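Protein chains: 2
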Amino acid sequence: MKIAVLGTGMVGEAISTKLVQLGHEVMMGSRTANNEKAAAWIGKAGKGASQGTFADAARHGEIAFNCTAGVASVEALKAAGADNLKGKVLLDLSNPLDFSKGMPPRVLIGPDDSLGEQLQRALPDTRVVKTLNTVNAMAMVDPSRIASGDHHMFLAGNDASAKGRVTEILRGWFGWKHVLDLGDITGARALEAYLPLWLRLWGALQTPDFSIKVVKNG
Amino acid sequence: MKIAVLGTGMVGEAISTKLVQLGHEVMMGSRTANNEKAAAWIGKAGKGASQGTFADAARHGEIAFNCTAGVASVEALKAAGADNLKGKVLLDLSNPLDFSKGMPPRVLIGPDDSLGEQLQRALPDTRVVKTLNTVNAMAMVDPSRIASGDHHMFLAGNDASAKGRVTEILRGWFGWKHVLDLGDITGARALEAYLPLWLRLWGALQTPDFSIKVVKNG
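If you read the sequences in order, they're chains A and B. So in my numbering, spot 80 of the first sequence is number 80, and the numbers just go up one at a time. So in my numbering, spot 54 of the second sequence is number 54, and the numbers just go up one at a time.
If you are wondering where the hints come from, they were derived from the structure by calculation, not from laboratory data. On a predicted model such as this, the values are computed, not experimentally measured, just so you know. Ideal Cβ placement from N, Cα and C applies to all residues, glycine included.
If you want the footprint, here are the derived chain B segments under chain A, 3+ residues with CB under 8 angstroms:
1. 106-118
2. 141-149
3. 171-185
4. 203-217
Here are the simulated BS3-like pairs of lysine-lysine, each with C-alpha atoms no more than 30 angstroms apart in a straight line:
5. LYS18(A) <-> LYS88(A)
6. LYS18(B) <-> LYS213(A)
7. LYS177(B) <-> LYS216(A)
8. LYS18(A) <-> LYS213(B)
9. LYS213(A) <-> LYS213(B)
10. LYS216(B) <-> LYS101(A)
11. LYS101(B) <-> LYS216(A)
12. LYS216(A) <-> LYS18(B)
13. LYS44(A) <-> LYS216(B)
14. LYS216(B) <-> LYS18(A)
Put together the whole structure using the sequences plus the hints.
The following block contains the structure:
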């Protein structure tokens, strides 16, 4: 199918590459129609890969992945255009990381809002589903690289059918075995607020290539 | 040994009960020296159990557990007295949960501070270690009730020897198999920011009796 991937960073490239490998027609979107990183990716990815502006990509895609940097996501999605994304499912993979003061990044979390909700407010007719932001780019599209895939992915969004579609994508395309629905889009607060722990675990484990498995009594 | 447990709620009672079972002399501290919940607990717990004010308990304990409600913790620890806790290890189990507007509680998280750090600033000569706030009270002192204990506890604090002592307590007294050191006390931001995800997982799993296992590639 035709898919928009917004963002040309590590996450955008990992998602786009996997989607092309699965046979989809992927347009990578960025601020300009002639992005160097997107061009380099097209050279490697081959058939099915193209690029355009955020708006070009949003028009192209039947579904869209937001892989832009968190601090730039709202602006990028406004450039993509609410009309171009109307009625479509948008998987929001972003994290509110502020690298302006160096490493580690400051994580812009709070009790009452999240990037996922900001995107849903900016795109009221788009079905935003927050997901995949809790693992590194490689693990997003190949969870089996960690503990044979025996760990959890989460999602949150207001539209039940959109969450059903995203669950199919996570399971069928990327190979996630365990997907937990955390409720409406305000669950994006919880998924983004996990990032400070994720960053500390990276430090403790000396690798970003990890995930968490939820275990319960009974 | 002589131990202070500050707080008479579910967490304070679970910790105190376990410590008395292990043979320790536990004084439960609260605002008053004649707290009804503490008295009820002493009746059940028997030998080794006593109660007093926050200050009485802080004087009594060679180490102390902060099990007070997060929004009241700084005030409670000031009442306990910086002098009474000087040089001692304080395990901070609190979470910044605001129940004033009903359920679910608002979690007072942010990028630049945490309860653990507020307590360390209020008690500069006490060795504060943030831990145990990521699971329910029963699992804190009996992690084997979940997945045979195959999941993780975390800690954060500025003093390496204090973290070593707390790791011994978690492993030796409570039975934790996996303890991860997340660095200095600013790691409390990460542990407290996990709470919104914890609350959502409770909703999704329909039980608070769960934990997370960290799994990595390799």
